[in-house]
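K.L.:
Read off the chains here:
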Amino acid sequence: MPPVTDPIRVVIVDDHSIFRSGLRADLDDTIDVVGEAADVASAVTVIAQAQPDVVLLDVHLPGSDGDITGGEAVLRAALPVATTTRFLALSVSDAAEDVVRVIRAGARGYITKGASGDEVARAVHAVAGGDAVFSPRLAGFVLDAFGAVAGETAIATDELDRLSAREQEVMRLIARGYSYKEVATELFISVKTVETHVSAVLRKLQLSSRHELTAWASARRLL
Amino acid sequence: MAITAAQASVLAARPPLRRPRSSLVTGVAAGLATHLAWPVTLVRALFVVLSLFWGAGILLYLWFWALMPVRAVEDGKTGDDLGTPPSAALDPADLGTPPSAALDPADLDKPPSAALDPAAAPTHRAPVAWILTTVAVVSLVATWVMVVASANNGVTWASPVPGWVSGVVVTTALAVAAALWATLIDRRDPARGPRHETAVRVTLTVVLGILFGLVLSTSQQGGAFAFFVALAPLLGIAAVYSSSLIEKWRELSRERVRRIREEQRSEMAAHLHDSVLQTLALIQTRAGASSEVARIARAQERELRSWLYDGDEPADSDLPTDLRDYAAALELDFPVHMDVVAAGTSTERASGELAAAAREAMLNAARHAGGDVSVYIEGAASRVDVFVRDRGPGFALEAVPPDRLGVRESIVARMRRAGGAATVRPGAGGVGTEVHLAFGADAHLAASIARTDAARD
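Residue numbers (the numbering used here), protein chains in the order written: chain D, 1 to 223; chain X, 1001 to 1457.
Some hints here could point you the wrong way.
Unchecked claim - Here are the computed distance ranges between Cβ atoms for each label pair:
no.	chain 1	residue 1	chain 2	residue 2	range
1	D	ASP29	X	SER1275	25 to 35 Å
2	X	VAL1276	D	LEU79	27 to 37 Å
3	D	ILE189	X	ALA1270	42 to 52 Å
4	X	ARG1367	D	ALA41	45 to 55 Å
5	X	LEU1272	D	ILE189	38 to 48 Å
6	X	PRO1190	D	THR153	47 to 57 Å
In case anyone wonders, no lab produced these hints; they're calculated from the structure.
All C-beta atoms in this analysis are idealised placements derived from N, C-alpha and C, irrespective of residue type, glycine included.
Hey, can you work out the whole structure from these sequences and the hints?
P.N.:
Listed below in structure tokens is the structure:
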């Protein structure tokens, strides 16, 4: 973990007060919780006011209208008013549909609510540092959705709908449970390069118009 | 009520009042006979005799038919049970079936399950629809004879109601009854079915058509009354075809009930999602990943989740599902957290050698390493890869004594025999162990995987 001079300023958005207080108690003093919110409207207000470094955002929140989840609603409303803030999605489940929806709406990564305080803190630091946070499940989904399993490989570097060979390797190792550092060792590259690849994949995930991604994203499911 | 033990045992020993699933007409007589331990012929004779008293037997029969539930399905016992000794009907499964189960509203409109499962539908040996049709034809002929006779007498519409009008009514009623039977009862019967239903309907249409023509030919002198009589066969034809509307309507209401249940379920799912699942997640966080409490909470969460979302869909037994279930079971037995990730669609069956080897590798990881274990399954068109990675103390295959067969025999040798490949190597950075299982369509694959893995080490 890089030495942090100032604590990272964080806003927790979750409709369960028990979960919020539990999470706050779990985070160490490198992280400063500057605000909390329980629904979409108050979340947008708090984020606009506090301008935090990172928002821990529950995927399912009350107060959204229409077909989007509460997490998406917050992202859409808060991204324009808090341009430097980065969002880390918290999901009670590991369901690709939900996760892909919030990531496509602008979140920089996601963790499950079962993650320990250490894991959350690490993910917050990673997101604050501009990196993407990928879980093995999300990596598996990405490989699947971009056709990597079927052998599709990007040839041009600016291709959005397919992964490059290196990105596939990185994603495969993450899916196998490797940390970024372990991926770096395995592939004889630096951790920074791994992070670059992951960020590139995140960008593709956000911008690609591949049918599988949109199909997943539009299939509204609760899980 | 003073019931002695002996009386009570007699009462208890009596088989339940149920209609057999395979019956002559409706199974009422057979069911009564089994219940009372009387010969079935006697019961039938009794009904016939009672019918002579202002139709009491018929009413009683209909009453029994409406209220007596059909015997619950038992495998191998769908046949006629009349000949079986009472003890067979007394088996605990039979007695244990609460009457409420048979009277369950969902059970009364049986078709959803009965239509899907031919063995579950009650069968009727007597061709009741055809018997009714035949009687309708006979009645038609009789009516015709009466019409001709009265025409010869020149008194077609003379008296207030000529005798043959009742013939018209009876014929129409019989035809409608036959059609209803064919649609509502025979349709589900595996021995009959839609073709039988169509045949009955066509015959009945012809019968009613002739009847209509007959009435029409005499109606010139009849006036308004004759017009209404002529309507009867037409209404009959309408009724014959509307019987399938009844079936449609039933289907619609079943569909509606199903939808309401589904809505209730998803409402409950939303509620539980917001409360219980969140709490379980919190418990896992606070209790530490591999503690007893966290494991129980995780297992509970998984169970609840699968109950909430998988619903009634049958679980398919593909490789990822199977390994996920196995991981859940291991988490209960060992202090381990297994993360199973699957990519691609695998055609590999859960029963295959690959699955067996993967389970063995997971068991090893759970038993010897514990902590976090990652399982990754990638299924491409021509090959399937499974990685099992733990962060335990690790071991080298060479260091394992030859008498320990676990890894060598059940993973490596098993995969080789099945035409795949397995490699066991230290995990990244020398932490833990990673087992890689590969199974492919082409024979050269195993060698190439072994080479790739060796090159990495």
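K.L.:
All hints, please: hold or fail.
P.N.:
Hints versus structure:
Look at D:ASP29 against X:SER1275: about 31 Å separates their beta carbons, and that is inside 25 to 35 Å. Distance hint check for X:VAL1276 and D:LEU79: the Cβ-Cβ separation is about 32 Å, which falls inside the suggested range of 27 to 37 Å. The hinted window of 42 to 52 Å between D:ILE189 and X:ALA1270 holds, with their beta carbons roughly 44 Å apart. The beta-carbon spacing between X:ARG1367 and D:ALA41, approximately 51 Å, falls within the hinted interval of 45 to 55 Å.
Roughly 44 Å separates the CB atoms of X:LEU1272 and D:ILE189, a value that falls within the hinted 38 to 48 Å. The given range of 47 to 57 Å is respected by X:PRO1190 and D:THR153, whose C-beta atoms sit roughly 54 Å from each other.
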